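K.L.:
All chains should be built: construct the whole structure from the sequences, respecting the hints.
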Amino acid sequence: VILRVCTWLGAMPWSIALRESLWVYPLIETVHVLALCLFLGFALLLDLRLLGLALRRTPVTDIMRSVMPWTWTGFVLMVISGVLLFYSDPVKFYGNPYFRLKLATLAAAGLNGWIFHVTVYRGVSAWDDAPVTPRRARLAGVLSLLLWSAIVILGRLIAYESL
Amino acid sequence: MNRFDVVQQFCAWCYNTPLASAIRDSTWLFPAIEASHLLGLALLGGTVLIVDLRLLGWGLRRQTVADVATGVRGWMTAGLIVMLTSGALLFASEAMKCYDSGPFRLKMLSLALALLFTFTIRRRHLARAMHTTHANSEIATGRKDRLVAMASLSLWSSVGLMGRAIGFW
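Going line by line, the protein sequences match chains A and B.
Quick note: the first sequence, position 24, residue 24 per this note's numbering, numbers continuous.
Quick note: the second sequence, position 95, residue 95 per this note's numbering, numbers continuous.
If you're looking for bench data, these hints aren't it; they were derived computationally from the structure.
Nothing here was measured: the structure is a model prediction, and the numbers come from that model.
Among the clues, some could well be false.
Stated by the list, open to error - Pair ranges (Cβ atoms, derived):
(1) B/Thr77 <-> A/Val5: 45 to 51 Å
(2) B/Thr27 <-> A/Val76: 31 to 37 Å
(3) A/Pro13 <-> B/Ser154: 34 to 40 Å
(4) A/Pro13 <-> B/Ala127: 54 to 60 Å
(5) B/Gly74 <-> A/Val118: 27 to 33 Å
(6) B/Ala12 <-> A/Val124: 54 to 60 Å
(7) B/Thr17 <-> A/Pro13: 46 to 52 Å
(8) B/Ser157 <-> A/Trp23: 15 to 21 Å
(9) A/Trp23 <-> B/Met108: 22 to 28 Å
(10) B/Pro18 <-> A/Arg122: 54 to 60 Å
(11) A/Glu20 <-> B/Asp25: 32 to 38 Å
The C-beta atom is built at its ideal place from N, Cα and C for all residues, glycine as well.
P.N.:
Shown next as structure tokens:
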């Protein structure tokens with residue numbers, strides 16, 4: 001069924017236009033890579049703060065509040081450009097094992113973030129200023145670092161399908 | 001022998017080193033190094049951006065410039081080391097292609113300028129902020145702060161854009 005949807009998407013005129021375009025595809029790729037700085041750069045900083053390895057003197061909520069708008073901007077750019085890259089050749093991406101693994105890892109990273117927000121982050125007022133955060137917050141930080149690194153590696157590997 | 005012959009010979013020498021041919025011969029080394037180059041990009045990008053955004057007054061306004069700058073300094077250096085090492089390896093493995101690439105030359109030029117700016121003007125500016133923590137505390141960002149941040153952001157974005165362009169020309 002998914003393959004049928006992918007075939008249908010890939011046959012749409014916009015998808016074909018995207019696939020064959022000389023400029024638009026590289027442009028979208030560029031947006032995808034440069035938004036990485038904004039989104040991943042700030043996500044890594046937050047993880048390092050949770051681990052007590054960066055910005056130790058800055059309250060966690062302060063980082064969240066001021067960095068989140070930029071992180072979300074980066075995230076939205078990454079998702080839009082990512083969806084467009086997929087849309088340019090759905091059947092090829094669907095068949096790529098690294099692409100499937102990347103999606104699964106993305107889901108895991110999202111789950112990790114969601115669990116962090118609904119559990120230990122609820123009680124942040126108790127450890128906002130602490131240089132080193134509670135064990136579960138540190139665990140979320142480590143998991144996020146590992147998952148996002150894996151996502152970057154898998155993303156790169158999509159281009160080397162035969163590996 | 002003119003100066004371009006020297007550069008070309010240097011590129012040829014890099015290309016022929018055992019390390020460079022090992023990267024070319026391996027199927028997975030090149031993508032692995034590319035992935036570390038991207039992870040370094042996230043680290044360097046995030047740490048440069050957060051300080052520049054603070055200088056612009058667009059984030060972490062309740063922290064002093066000095067606090068933000070000291071809080072991420074080690075990671076910025078780490079990101080830079082990862083980027084330069086992985087970048088040098090990527091270059092060596094395809095040095096002859098890079099020698100002919102216009103975007104690559106432009107990238108090296110903007111990289112040199114960005115590094116020069118970061119380790120002279122920007123560093124001195126941040127060091128001054130650290131010595132005058134009290135006067136500089138709270139929200140205050142001056143015209144000079146904003147100029148330094150804008151220059152830093154434009155220099156590093158051009159490095160990134162040129163890097164992306166290498167793959168297209």
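K.L.:
With reference to the structure, classify each hint as holding or not holding.
P.N.:
Now the hints, each set against the structure:
1. B/Thr77 <-> A/Val5: 45 to 51 Å: Check passed, 47 Å falls within 45 to 51 Å.
2. B/Thr27 <-> A/Val76: 31 to 37 Å: holds (35 Å)
3. A/Pro13 <-> B/Ser154: 34 to 40 Å: holds (38 Å)
4. A/Pro13 <-> B/Ala127: 54 to 60 Å: holds (57 Å)
5. B/Gly74 <-> A/Val118: 27 to 33 Å: Taking Cβ atoms as reference, B/Gly74 and A/Val118 lie about 32 Å apart, which means the hint holds.
6. B/Ala12 <-> A/Val124: 54 to 60 Å: At 57 Å between Cβs, range holds.
7. B/Thr17 <-> A/Pro13: 46 to 52 Å: holds (49 Å)
8. B/Ser157 <-> A/Trp23: 15 to 21 Å: Given a distance of about 19 Å, which is inside 15 to 21 Å, the answer is holds.
9. A/Trp23 <-> B/Met108: 22 to 28 Å: With Cβ atoms ~25 Å apart, the hint holds.
10. B/Pro18 <-> A/Arg122: 54 to 60 Å: With Cβ atoms ~55 Å apart, the hint holds.
11. A/Glu20 <-> B/Asp25: 32 to 38 Å: Holds, since A/Glu20 and B/Asp25 (Cβ atoms, about 34 Å apart) stay within the stated range.
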